[in-house]
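Engineer: Start from the sequences and build out the full structure, keeping to the hints where you can.
Chain order of the listed sequences is A and B.
Per numbering that gives the first Met the number 0, the very first residue in the first sequence carries number 0; after that it's consecutive.
Per numbering that gives the first Met the number 0, the very first residue in the second sequence carries number 0; after that it's consecutive.
Wrong hints could be hidden among the right ones.
[As the list claims (entries may be wrong)] Simulated restraints on C-beta separations:
#, chain 1, residue 1, chain 2, residue 2, range
1, A, Gly384, B, Gly138, 27 to 37 Å
2, A, Phe269, B, Glu180, 57 to 67 Å
3, A, Gly301, B, Gln32, 25 to 35 Å
4, A, Gly265, B, Arg70, 33 to 43 Å
5, B, Glu14, A, Ser327, 56 to 66 Å
6, A, Ala360, B, Glu14, 35 to 45 Å
7, A, Arg284, B, Gln32, 38 to 48 Å
Source of the hints: derived by calculation from the structure; they are not laboratory data.
Just so you know, even glycine gets a beta-carbon here, dropped at the ideal spot from N, CA and C.
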Amino acid sequence: MKYLHLIWAALFRRKTRTILTLVSIIAAFLLFGLLDAVRVSFAEAGQSANGAERLQTGSKLSFIQTLPMALQARMAAIDGVKDVAFVNWFGGAYQDPHNQVFTFAVSENYLDVYPEVSVDPGQRKAYSDDLNGILAGEVLVKKYGWKIGDKIPLQSQIFPNKEGSKNWSFTLRGIMKSKDDKAFQSQMIVLHWKNFDETTPYNRGQVGWYVSRVKDVNDADRVAKAIDALSANSDHETKTQTEQAATRNWIKQLADIGLIVTSIMGAVFFTLILLTGNTMMQAVRERTSELAVLKTIGFSNGSVLGMVLAESVMLLLLGGLIGLALVSIINASLPAMSGGMITNAAVGWKSWGLGIVLALAIGIVIGALPASRAMRLNIVDALAGR
Amino acid sequence: MSTLVEIRNVSKTYERGKQKVEVLHHIDLNIAQGDFLALMGPSGSGKTTLLNLIGGLDSPTQGQISVGGARIDNLNQGALAKWRASNVGFIFQFYNLLPMLSAQKNVELPLLLTKLGAAQRKKNAAIALQLVGLAERAGHKPTELSGGQQQRVAIARAIVSDPTLLVCDEPTGDLDRQSAEDVLGLLQTLNRQHGKTIVMVTHDPKAAEYATHTLHLDKGALVEAAAHA
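Structural biologist: Here it is, written out as structure tokens:
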């Protein structure tokens, strides 16, 4: 600790260079923090106490393959199943194709399998009574300034209505509220599956996927197997998974987020090592005579090695901590920006820990060579300028 | 006076590529405690090499060097560093202060190797700066000081841990006449009033006049000795 002022002074001996290096480290750790938060969010997607009770059943072939509606009753009859709801993807754009809104056609009991989502009883009844009614998430309602009773025009990406137009019009009958405004339901719209099925000529009694709720979480595995057994060797074989696993698989079909994040960060940190390593080498080379003076005075080889290493570690830690702190600030607005898809973008202690370990490791790696040169410095040669 | 530095049959050979260059040949020398010795000689005569050996910055290829009764020629680098920290103060031609530290912090540097606390280090550094007449410039960085002032800060750094021996390599080589005289006067005071043993390499005969003895080196051998009043 008593060498701290010495290390700090050496670090900022060339302020401009150090600040520029620091900015590059901050940028690298900012990117790391943002990408890691995205990775963690995707990894944790679907994880909740209620989510653990839910199973999703989709086609074994692909999530775009539909299933017969008749399965609902057979699934509901399986011992351990509490409720079975079903869902179809509708997709929707509000006013402008850029305003994509997650919209699903759902069975009447859909909200029963999502007890964490609440709707005012009066609004829920109004929704039930109006086949053309919809429920919208609270965040979405606030975002577009909708009011109950508003006509909401939505353009489906796939499904035409009876007139062959993809422009649909619905009436907002209720608002879905969730304790967590980052929850998916806060950002989505549900419409009556019956309305969807009767209006579009494309569906004809088919279901996108089923969501069932089990009575006992510990029984989920057995129930999942029993559900899949219903369609075994048929033309519509199913795959039943927990909500978390289903979400993870769905995301994986889009992209391997973990691999992408790791690849990008690998490239970023590799470049950082080269750039910062070069800067450290230059910084130490410029201080050859000063290091020689320290050794002349009596600083041991080990002390000089430690000071140069500490300097590079301090630089990396400083940049890393500032970068991660910035991520914490930026991430506060990320859930809204991602339309609720990223539900847990906060920098968790694991990300902080990983960031600090990375900063330490990179600091040691880039400091190792200049530190070892400083340690092996020959005093007589260095003082003579050789 | 008792002998502080005892040099016996010391030779030093450097390897420059495939060539071996013997810089010092079989030097025998005693330096008494409290002496102020000037080492003179032409460039390449081995003055700085001899000074480096006396200060424990380098080890002889052959021979023995004892300082204060302790052999230093056979110490490893770690032990030599420790020995230097507690026994020798160094003063260089170009001051070699750390530019990012204030005068006070530069003077405190050798004390970082002691067990003294921060307050005591600060106090001792302030005393050393006062001794060299720069107490009021303690907060200034080297670039804010003149050459003579920088050299006085370097002297304060050399004496702050109260070493027995001061080794000075051309301490006035980069100074104007007035500053040089101030610095030499200061060294003389440290020698006469504080009993410091000083070994100084210089090209300047006027600087050598401040010493009590002058030794001349030529081609790696001692050729002449003179005593001053």
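Engineer: Determine for every hint whether it applies to the structure shown.
Structural biologist: Checked hints:
1. The hint said 27 to 37 Å for the Cβ distance between Gly384 (chain A) and Gly138 (chain B), and at roughly 30 Å that hint holds.
2. In this structure the supplied range 57 to 67 Å holds for Phe269 (chain A) paired with Glu180 (chain B), their Cβ-Cβ distance being about 59 Å.
3. The hinted window of 25 to 35 Å between Gly301 (chain A) and Gln32 (chain B) holds, with their beta carbons roughly 32 Å apart.
4. Between Gly265 (chain A) and Arg70 (chain B) the beta carbons are some 55 Å apart, a value that contradicts the proposed interval 33 to 43 Å.
5. Hint check: Glu14 (chain B) to Ser327 (chain A), Cβ distance near 58 Å, so the stated range 56 to 66 Å holds.
6. As the Cβ distance of Ala360 (chain A) to Glu14 (chain B) is approximately 39 Å, the hint placing it in 35 to 45 Å holds.
7. Checked against the hint of 38 to 48 Å, the C-beta distance between Arg284 (chain A) and Gln32 (chain B) comes to roughly 41 Å, which is consistent with it.
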